[in-house]
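Protein chains: 2
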Amino acid sequence: MAPTEVTTRILRRLLAGGVTSRAERLLSRVHPADLGPLFADLSPQEIRQVVDLLFGQHRAANTLRELPPELLPQVFESLSDERLAAVFGRLQIDDMLELAERLDEQRHDRVLTLLPAHKREELRKHALYPEGSAGRVMTTSYLAVDEKMTAQDAIEQIRAFGEDTDAILYVYVVDTDGCLEGLVPIRRLVAARPDRPCGEIMIREPVSTTVQADQEEVAHLVARYNLLAIPVTDDERRLLGVITVDDVIEVITEEATEDMYNLAGLNDADRVFTPASTSVRKRLPWQFLNLGAVFISAWVVGLFEQTLDQIVTLAVFMPVINGMGGNGGVQSLTVVTRAMALGEIEFSSGLRAVGKELMVGLAMGLCAGIAAGTIAWLWQGNPWLGAVLCAAMVVTLTMAGLLGAAVPVLLKALRQDPALGSGAIVVTATDAFGLFCFLGLGTLLLDRLA
Amino acid sequence: MAPTEVTTRILRRLLAGGVTSRAERLLSRVHPADLGPLFADLSPQEIRQVVDLLFGQHRAANTLRELPPELLPQVFESLSDERLAAVFGRLQIDDMLELAERLDEQRHDRVLTLLPAHKREELRKHALYPEGSAGRVMTTSYLAVDEKMTAQDAIEQIRAFGEDTDAILYVYVVDTDGCLEGLVPIRRLVAARPDRPCGEIMIREPVSTTVQADQEEVAHLVARYNLLAIPVTDDERRLLGVITVDDVIEVITEEATEDMYNLAGLNDADRVFTPASTSVRKRLPWQFLNLGAVFISAWVVGLFEQTLDQIVTLAVFMPVINGMGGNGGVQSLTVVTRAMALGEIEFSSGLRAVGKELMVGLAMGLCAGIAAGTIAWLWQGNPWLGAVLCAAMVVTLTMAGLLGAAVPVLLKALRQDPALGSGAIVVTATDAFGLFCFLGLGTLLLDRLA
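Protein chains in written order, with my numbering: chain A, 1143 to 1592; chain B, 1143 to 1592.
Take the hints with a grain of salt, since some may be wrong.
Since the list can't tell identical chains apart, any single copy or any two copies may satisfy a pair.
[Claimed, not checked] The list that follows gives simulated cross-link-like pairs (lysine to any residue, SDA-like), each with its CA atoms no further than 20 Å apart:
{"id": "1", "residue 1": "1554", "residue 2": "1197"}
{"id": "2", "residue 1": "1554", "residue 2": "1415"}
{"id": "3", "residue 1": "1261", "residue 2": "1222"}
{"id": "4", "residue 1": "1424", "residue 2": "1513"}
I should point out that these hints are in silico values taken from the structure, not numbers from a laboratory. Being a predicted model, the structure only gives us computed values, none of them experimental.
With the hints as constraints, model all of the structure from the sequences given.
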C-alpha cells in the first residue's frame, strides 16, 4: 500500500494525460476503504473521471459505502440519476438507506423511482426502523435453510448465492414460519458428513436480538459472546436479518465517540473537519447553557462581596477550589459513565459505585486539603486561611465524588443518557457549592482572617 | 438466558443439596461469558465445586478466559497445580500468557513445570513480545497450507484440525520458507471446484501486520478493511500468528476507555469497583500535579490583589472566565484527540485542525463575550465592566481553542500519547491566561471601573 499522497499525485497525472487504462489499473489496486482520502484531494472533474472508471470496474457501490459523509455531495453530483440508481441497486439495504438519506428530497425521489420495485419497497420498509435500532444496521442478505436440508445441499446453496457472500459466515436454520431455530457455522458445514441434515449439526437457540433493540446493546452481545454475526428477529422470533461484526465495530467506535463528546458537551456531528461555521452553530446552545451555569457561581461569589471586600486574599484561592473540585467531579463522572457504557453496572451496583466515589472524594479532599491548606498558610502567613481552604477542599471534593457518581446513576434511572449533560451539571454544582463553602467559612471566621 | 441472579440462587441451592447432576446440567446451559457475574456471588467453597463441574465438562479453560481479572485469585486458589496446568494446556497462547501473568511467581513456576515442554517454550517466546504489541494478542492456532494444495485437501485439513476451529475463518497460503503468500476464506474454499489449488483461489497480498505493530494500529486496520482476522508476520513476512476480530473489539474498547481516562487524568487500572484505597492511590499523583497547576492560577490572581482590593466586583466574574475557558478548551481537545485516536488526522492536517479550532474559539468567544458582557453591565450597572469581561472572554476562548487543538497535535509530533496530560495542560494554561487577561484589563481600566 503506497501512501495516499503518492497515489493521488500519480493518479492526477494519469487522468490529466488521458492515460485512462493505466489510471484504471492503478485504481483497481486501491482498496475501497483507501479511496476516501484520495477523493478528498481531487477536483470535481477528476472525481467524475474516477467514479466513471470505478463504475466500469463495478466497484462504485463499494467505494460509495466507504466514503466519509462530507465527500458524498460532490460524488453524488458527478453521477447521473441512472448511475446512482444502478449503484444503489448493488448495495446492501443498510448501506443503501444510509446513502439515500443523504440525497436531497427531489433527487431522492427521482433515484428511487429508477430502482426495481422490490428494492424500493424494501428500502421503504427498512426506513421504518427507528434510528439507532438493530433494524437499521442489519443486512437482509443471508442464507436461511430448512432443518432437513443436508450439509451438502447447504454448501450448494452457498455456491449458488453468488459473489456477495460477505455476510455468509453462518447458515441460518428456520422453520416453516420463518422462525429462527439455529445456525450452522460454515466451518461446521464443511467438517460435517455431506448427508447430515442441518438440523442435526446446528447450534440451537443461538444468541439473537430483535429489530427494536438498541444498537449499543447489540454491540454488547456481540462483544460479550465473541460473535461474528448476530441474527435479528421480530418478536415472534421470525428471522429478519443479520448484523455482522464489521457493523458492530462501527457501532462501538461511534458510541465511544458519542460518550466522550457528551462529557464535553459536544454534538456528534461536530467533527474535526466539519466547517468552522457548523461547529460554532452546534456548540452555541451548550455554550449558552454553560454561560448560565457559570453565572450561578458568579452569583454565589456576589453573595460574599462584603467578605471579599475585607479579605481580598480569599479571591486568590477561588481558582484552587474551582480547579480541584471540577477535576475531582470529572474523574468520578468518567469512571462511572464508562462503566455504564460497558454494561458493568446497573442501578443497584450503581449505588455501590456512588458510595465508593464518595469515599474516594473524601480521601482525596483530605490529602489535597491538607496540602493546599499548608501552602496557603505558608504563603499568606495565616493558619486560619489554611484551615478554611483545607475544610472547604474536603467538603468540595467529597461533593464532587458524590455528584460525579450520583448524577449519571440518577440520569440512567430516569432513562436518560447518563453521559449527556452530566458533565455540565456536575461541574456547575461542584463549583457553586465549593465557592459557597469556601467563602461561607471565610465569612464565619472573618475576625481570624483579617 | 435467565437473569444471572436467578441462576445463581438456583445453583447455590442445588450445590448445597448435593444435587450435582442437576447443577451440572444447569451450568452446561450457561455461556462461559455469563459465568463471571455468577462466580462473583459464590463462596470460595462453591466456586471450587463449580470449577470441578466445569472441569468435568471440559469447559474450565473457556470459563477462565472469560472471567474478570478480580475473580481470578479466588478461582486459582480452588484449583490444584495439576488442574491449572491442564486448563492452561487447553488455552490459546495469548489467553494462556494473560492468565499465567496473574499467578504469583512461585505458583507460576510450579504450574509451568507441569506443562508439556513445547507449550512451555511457546509461552516463553510469547512473553517476549512487548505489551500492547500485535504479538501479544495473536493466536498461533491457524491453518497454513501450500499453494499447490487443492481446495478439497484444504477442507480435509480443516476437518482434521479438530474441535478448536474458532480461529479458522481463513486458510493461509505460505511458501516453503513459511512466508505469507495469500489467504483463502473458507467460504471461497467451499464454493471452489474441489481440485483447484489454493494458490489459484487465494486472495494475494492480504492486509497483514507485524508482531511489533501497536495493537491500536492493528485495530484500525481490521476496522478499516472490515476484516474478520488479520495475519501477523515477522519482518521477512513469515507467518507467525493471527489476530481475530473478537480480540480487536477488546482492543478498541480498551483504547476508548484509555482515551477517556487520559482526558480526565485517570489511570487505566482505576475502575468502578476497584477498591477505594487503590483508586485513591492511583489518583493522588495526578491530584498533586493538578494542585500545582491550580496554584499557578492562584499566583496570577495574587498579582492583582491590589486591583481586586479596589474593585472587588472583579472577583465575582472570575468563575465566569474560568468556567467558560475550561469548557472551550476541553471541547477543542476532545474533538482533536478523538480524531487522532480514529486516525482521521496526521500532523499536516493537524495544523489545519488547529486553525479551525482557533477560528471556532474566536467566534464562540465573541458570542459568549457579548452575552456575558451584557449581563455583567446590566447586573453591576457599569458598561466598562461589561467591556472588560467581553474582551477577556474573546481572548480566553480563542486561546482555549488554540491550546485545545495545538497541545495534542504537538504532543503527538513529539511522539507522546496525545490524550495523556493534554487535559491538565490545556485547562491550567487557559485558566491562568484567562485570569491574567481579565484582571490585567481590569487594572488598566481601573479608573473606569471604580
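When the structure is checked against the list of hints, which entries are broken? Sort them ascending.
Structure breaks hint 1 only.
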